[in-house]
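Visitor: Sequence:
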Amino acid sequence: MCGRGKGGKSRAKAKTRLARAGLQFPVGRVHRLLRKGNYAERYLAAVVLELSGNAARDNKNT
1 MCGRGKGGKS RAKAKTRLAR AGLQFPVGRV HRLLRKGNYA ERYLAAVVLE LSGNAARDNK
61 NT
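Each residue of the sequence shown is one higher than the last, beginning at 1 in the UniProt record's numbering.
For the record, the hints were derived by calculation from the structure and aren't laboratory data. All values derive from a computational prediction rather than experimental measurement. A hint or two may mislead.
[As the list claims (entries may be wrong)] What follows is a set of in silico ranges between Cβ atoms, one per label pair, in the way DEER data are often shown:
#	residue 1	residue 2	range
1	R11	L44	30 to 36 Å
2	T16	Y39	23 to 29 Å
3	R11	N54	32 to 38 Å
4	V47	A12	30 to 36 Å
5	K60	S10	32 to 38 Å
6	K60	F25	18 to 24 Å
7	R35	A55	21 to 27 Å
8	T16	K60	18 to 24 Å
9	Y43	A12	35 to 41 Å
10	A40	T16	22 to 28 Å
11	R17	E41	15 to 21 Å
No residue lacks a Cβ here, since even glycine has one placed at the ideal position from N, Cα and C.
Based on the provided sequences and hints, a complete structural model is requested.
Guide: The structure is reproduced here in structure tokens:
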């Protein structure tokens, strides 16, 4: 018999920033767009971020 040992502990499933923030849009994508210099996308990302902050405040999630 070859001893394979006991099964190792599996890592917990990674929780996305979307799920952690309790939002409905991709937080990572908005963060990337805000970092880049494409100003049309950057403006849209800032608007989405502002709207999500307002919605979170209304839902008492902040």
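Visitor: Failing hints, ascending?
Guide: none
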